[in-house]
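**Student:** The sequence shown begins at 6 in the working numbering and counts up one residue at a time.
Heads up, some of the hints might be wrong.
[Claimed, not checked] Each pair of labels, with its calculated beta carbon distance range:
id : residue 1 : residue 2 : range
1  : Thr344    : Asp417    : 26 to 34 Å
2  : Tyr364    : Met50     : 24 to 32 Å
3  : Glu450    : Pro91     : 40 to 48 Å
4  : Arg398    : Ala155    : 43 to 51 Å
5  : Asn296    : Ala66     : 30 to 38 Å
6  : Asp417    : Val326    : 44 to 52 Å
[As the list claims (entries may be wrong)] Derived DSSO-like pairs (lysine-lysine); straight-line CA-CA distance at most 30 Å:
id : residue 1 : residue 2
7  : Lys211    : Lys231
8  : Lys84     : Lys159
9  : Lys84     : Lys153
Just so you know, these hints were derived from the structure itself, not from any lab. The beta carbon of each residue, even a glycine, is placed where N, CA and C say it ideally should be.
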Amino acid sequence: MENKIFTQQIKQYAALLELKGENPFKLRAYHFAIEAIDKLEVNLMDLPLSVIEKIGSIGKAIALKIEETKEKGIFHQLKNLLEEIPAGVVEMLGINGLGAKKINILWKENNFTTITQLLEACENNTLAQIKGFGEKMQANIYQDLLFKQANSAKLFFSKATIYQQMIVDYLSQIIDNEFIITTGQFRRKLEVIDCLQIFVAIDDNKNKKNQLVQHLDECNFLIKNKQGTGMFVWRGELKENALKVEIKMPQKNRIGSEIYLHSAGEKHLAKIEKNKTILQHLTEQNFNKENDVFDYFKYPIIPVEAREGYAEWKWIEDKKVPNLLNINELKGIFHAHSTYSDGKNTLEEMVLACINLGYDYLGITDHSQSAFYANGLQPSRIKIQHQEIEDLRKKYPNFYIFKGIEADILNDGQLDYEDDILKTFDFVIASIHSNLKMSEEKATERIIKAIENPYTTMLGHST
Numbered sequence: 006m007e008n009k010i011f012t013q014q015i016k017q018y019a020a021l022l023e024l025k026g027e028n029p030f031k032l033r034a035y036h037f038a039i040e041a042i043d044k045l046e047v048n049l050m051d052l053p054l055s056v057i058e059k060i061g062s063i064g065k066a067i068a069l070k071i072e073e074t075k076e077k078g079i080f081h082q083l084k085n086l087l088e089e090i091p092a093g094v095v096e097m098l099g100i101n102g103l104g105a106k107k108i109n110i111l112w113k114e115n116n117f118t119t120i121t122q123l124l125e126a127c128e129n130n131t132l133a134q135i136k137g138f139g140e141k142m143q144a145n146i147y148q149d150l151l152f153k154q155a156n157s158a159k160l161f162f163s164k165a166t167i168y169q170q171m172i173v174d175y176l177s178q179i180i181d182n183e184f185i186i187t188t189g190q191f192r193r194k195l196e197v198i199d200c201l202q203i204f205v206a207i208d209d210n211k212n213k214k215n216q217l218v219q220h221l222d223e224c225n226f227l228i229k230n231k232q233g234t235g236m237f238v239w240r241g242e243l244k245e246n247a248l249k250v251e252i253k254m255p256q257k258n259r260i261g262s263e264i265y266l267h268s269a270g271e272k273h274l275a276k277i278e279k280n281k282t283i284l285q286h287l288t289e290q291n292f293n294k295e296n297d298v299f300d301y302f303k304y305p306i307i308p309v310e311a312r313e314g315y316a317e318w319k320w321i322e323d324k325k326v327p328n329l330l331n332i333n334e335l336k337g338i339f340h341a342h343s344t345y346s347d348g349k350n351t352l353e354e355m356v357l358a359c360i361n362l363g364y365d366y367l368g369i370t371d372h373s374q375s376a377f378y379a380n381g382l383q384p385s386r387i388k389i390q391h392q393e394i395e396d397l398r399k400k401y402p403n404f405y406i407f408k409g410i411e412a413d414i415l416n417d418g419q420l421d422y423e424d425d426i427l428k429t430f431d432f433v434i435a436s437i438h439s440n441l442k443m444s445e446e447k448a449t450e451r452i453i454k455a456i457e458n459p460y461t462t463m464l465g466h467s468t
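All chains should be modelled from the sequences, with the hints used to inform the complete structure.
**Tutor:** As structure tokens, then:
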């Protein structure tokens, strides 16, 4: 269980308390606790209650909630609120433009309890008629609802990692880890995940499989799909976000075939070999091990991430499979924020962390002066930072620190420093952080002008 799980639950609890009208000072304590946990370099799972409660900004009450989450997956105060407040109202907390006050107007004064009601109110133009909303807010909420609808029950790989580990940890309570096998989109490391698939390699024993199914039925963060669950598969979804979950128990003599089938893209499986598609072969043939599949087709071993029906066929033809880029081959970072703006670590702490990772360089790019909300750097502070970088270069001669900045792109496409300041940096990342609702034409002109600036080196988070 990672620290993110604890911060997510505390954050959700604070948001629900705000809906209930809790004292703002008490809510602030929860936000301070979240910040404290985010800064920890150790896993809370490894710390006893007596240590956790002494961590600054956490205290005994929050420490007890963390301890209960360790044991039960969720602390009872949060569980009670989730049962008390309609699920649709909880979901509204994730909609851009809706804070606790607006949600209470919808929920308590206008009886909105579902996202469907909110969507219909936007489509019928009745949300704009509610006091405190208006047509502009209605349009923004509607746009966000449509986006979420199109991407519902999907997670980025990084977020899905948390839930994947939660499921594996839960399964490992009754099954040895060596028999728990991650497959599907997660194993392929797709950027967007809409289903988490895990194989459990247990004996072809009905009682053991029934025991596993019962264990999954009792999981407090999963909801079972009764129609989809059978002898060899448990299907359901995550309670928190409806992401699909499949726990499969393949027959032992077919486990290699099934792992391969669930670890490749459609185009890869559609390849014709020996007058049949790979999919047909794997459906008909029983392989005990995944590597037996490669032997059968006389293929070199293809990395899971590359089984998508593209480059791998050329590799097979050339009888040479290149090594995929490894994390150890990364040489440095070019977008990093320090405590000079909104980062959590000092320059030297970041340098030491990079050295420990085996990196050769670090590009510091704190926020620029327009980002006042993130403690952006005024020209006088840039000079101070540059002097510290010079000092650190001397202190760590085998590691290079680049002087960079994440400059804001203003509405007209200009960067938010004069040229005589921009030229003092080794590189400049140009980013948009404000006025995000321009027309496509104006936004494009804005970006192009920023790119044309001779001091712009990179474009930040362009999507």
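**Student:** 44 to 52 Å was suggested as the range; check whether the CB atoms of Asp417 and Val326 agree with it.
**Tutor:** Cβ of Asp417 to Cβ of Val326: about 50 Å, so the range 44 to 52 Å holds.
**Student:** When you take the CB atoms of Tyr364 and Met50, is the distance between them in 24 to 32 Å?
**Tutor:** holds, 28 Å
**Student:** With 30 to 38 Å as the target window, see if Asn296 and Ala66 comply at their CB atoms.
**Tutor:** violated, 52 Å
**Student:** Quick check on a hinted range of 40 to 48 Å for Glu450 and Pro91, using CB atoms only.
**Tutor:** With Cβ atoms ~45 Å apart, the hint holds.
**Student:** Given the hint that Lys211 pairs with Lys231, does the C-alpha gap stay at or below 30 Å?
**Tutor:** holds, 18 Å
**Student:** Please check whether Thr344 and Asp417 have a Cβ separation lying inside 26 to 34 Å.
**Tutor:** holds, 31 Å
**Student:** For the pair we were handed, Lys84 and Lys159, check the Cα-Cα distance against 30 Å.
**Tutor:** holds, 23 Å
**Student:** Under the criterion that the straight-line Cα-Cα distance not exceed 30 Å, is the pair Lys84, Lys153 satisfied?
**Tutor:** holds, 24 Å
**Student:** Just to be sure I understand the hint, the distance between the Cβ atoms of Arg398 and Ala155 should be within 43 to 51 Å; is that true here?
**Tutor:** holds, 48 Å
In summary, the one numbered hint that this structure violates is 5.
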